[in-house]
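Q: The chain contents come next:
Number of protein chains: 2
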Amino acid sequence: MTARMLASKPIVQKLKAEIREEAERRARGGAPPGLAVILAGSDGPSKAYALSKESAARSLGIAFTLHRFGDGAEEAEITARIRELNSDPAVHGVMLELPLPKRLNAARVIAAIDPDKDVDGVTAESRGRLLQGRLDETLLPVTPLSCLTLIESAGIDIAGKNVAVVGRGETVGLPLAVLLIKRSATVTVCHSKTADLKGVLKRSDVVVTAAGQAGMIKADMLSQGQAVIDAGITVLPDGTLAGDVEKRAAEAVSWLTPVPGGVGSLTVTLLMKNLLKAMGLQGAGRAA
Amino acid sequence: MTARMLASKPIVQKLKAEIREEAERRARGGAPPGLAVILAGSDGPSKAYALSKESAARSLGIAFTLHRFGDGAEEAEITARIRELNSDPAVHGVMLELPLPKRLNAARVIAAIDPDKDVDGVTAESRGRLLQGRLDETLLPVTPLSCLTLIESAGIDIAGKNVAVVGRGETVGLPLAVLLIKRSATVTVCHSKTADLKGVLKRSDVVVTAAGQAGMIKADMLSQGQAVIDAGITVLPDGTLAGDVEKRAAEAVSWLTPVPGGVGSLTVTLLMKNLLKAMGLQGAGRAA
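Line by line, the protein sequences are chains D and B. Position 94 of the first sequence, counting from 1, maps to 106 under my numbering, and the rest follow consecutively. Position 255 of the second sequence, counting from 1, maps to 267 under my numbering, and the rest follow consecutively.
Derived from the structure by calculation, the hints contain no laboratory data. One or more hints might be untrue.
Unchecked claim - Heads up, simulated SDA-like pairs for lysine to any residue below, C-alpha to C-alpha not over 20 Å straight-line: (1) B:K114 / D:L191; (2) D:K114 / B:K21; (3) B:K210 / D:H203; (4) B:K210 / D:K205; (5) B:K205 / D:R215; (6) B:K205 / D:S196; (7) B:K114 / B:A92; (8) D:K194 / B:K21; (9) D:K194 / B:T279; (10) D:K230 / D:M17; (11) D:K205 / B:D169; (12) B:K59 / B:A118; (13) D:K214 / B:G172; (14) D:K194 / B:A92; (15) B:K285 / B:L147; (16) D:K214 / D:I168; (17) D:K205 / B:G167; (18) B:K214 / D:A207; (19) B:K205 / D:L191; (20) B:K205 / D:L160; (21) B:K194 / D:T183; (22) D:K205 / B:K59; (23) D:K194 / D:K230; (24) B:K21 / B:V280; (25) D:K205 / B:R215; (26) B:K210 / D:L248; (27) D:K230 / D:S196.
In isolation and in its complexed conformation, chain D is listed as follows:
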């Protein structure tokens, strides 16, 4: 039996329609959503990511501004711009393309972002609100949100399910584990030191991998009935993309997200959804 593919495309279409409608409503009310993206240095992929956000924003009726800094930019210039954007009422989301050039202190630059405008969920304050269970008051990082959205798209209620998260990184694995625990899954976090990865995976109802090691999850480590969410993306030498799960695992499980076309293809849309949530936080916080 071949797994049902959990592709992002239908979810993206549905979400975009909702976001466009809400953005139009906001614009009619005099406050079109505004997203500011900061791009520092000349890292190639970062520029492409910023441009894909610009294109998505414009197609959804969201005002987009790109703030570029050269390779020689000072930390203080960037943090000063972030503070301007924090206090600009036309800007509701501030996103920093990462990684920053190495000579900049990323932690200090990130800390300058207003948590209520932190649409990428990268500040310590945003992460802390997640750990405190204040899910309505925080902006969640988009890759874990994408994983959760794909699990739900399979019609799976994860409360009480055994979920294995492979990878304990700060961008995906750890915040995702916390999010799944809040949703009442029984979560096991696996990583390079895990003694019996296959045993943990075999016992799981849902497996989410965010290890970034192409093909490391083999078909014989998985089982029929499982939903497997692959958040790993590796660029192979021939330029194609590969996930953490080997291709032929599609025969071994019941649901599988493709790479590309799965977790990664939802993130830009979820960023725009976070922008609308951020507008709500700013309205609530500033009215109080």
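Fit chain B to the known structure of chain D by using the hints.
A: Leaving out everything else, chain B in the frame of chain D:
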């Protein structure tokens, strides 16, 4: 075979000697460590906890101030005092006895504490730094720290070990799980919705319980070879204290923490250790 008891007493004695020495060194340098505890309302246990901190602080050469607010105190009065303490160079740690009276917004009061003085590790910023893996730059909540200290006192290297955390609360279970993952344990977080608690516990090398349900962990759910850390504390109708693990489980496992005399008996001392760490953070942060 009866479990070896992992009692706090010898650890407390060792830590106290180290803290006293460091406090004396700081005092000779002109900056004795200073701890401020805020007690709002007339919750009985909170007053007793504050007094036990005062007694511990004084015995260790730590300057202690208690800031009392009556049942009718306004939120703004308390946050104003916290901000004064934040900017007082003689105060290195600010701790709020919880719970606050119900009519106060605890999240807003907690948010007023300077994260570098947050010796109880309760602010979103402190929790976020933990999730971001910035362990040297954050103050960790003392109950999870106590659990980790007791595991280490059994001579167990938890890297690669299977650890079950029973309970997903924001004070103990969740931050402890993150801390253990950072230490390379393979962690499974269990809670009321977990389908097969016994199965998870049986497969674990270390079990930490923080459920707060007296005796819910039975001997037949555990195994020889395991270390069991009981962070549950329930006051029974007869006034005695009980942990989450039933007493006769001591026959079933290899190490067990007593209740009382285990996890809870280490926390006040670890708070003082956090105070010294806070002094380091303030020195580092403010010199930069």
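Q: If you test the structure against every hint from before, which numbers come out violated?
A: Going through the list in order, the structure violates hints 1, 2, 3, 4, 8, 9, 14, 22, 23, 26 and 27 and respects the others.
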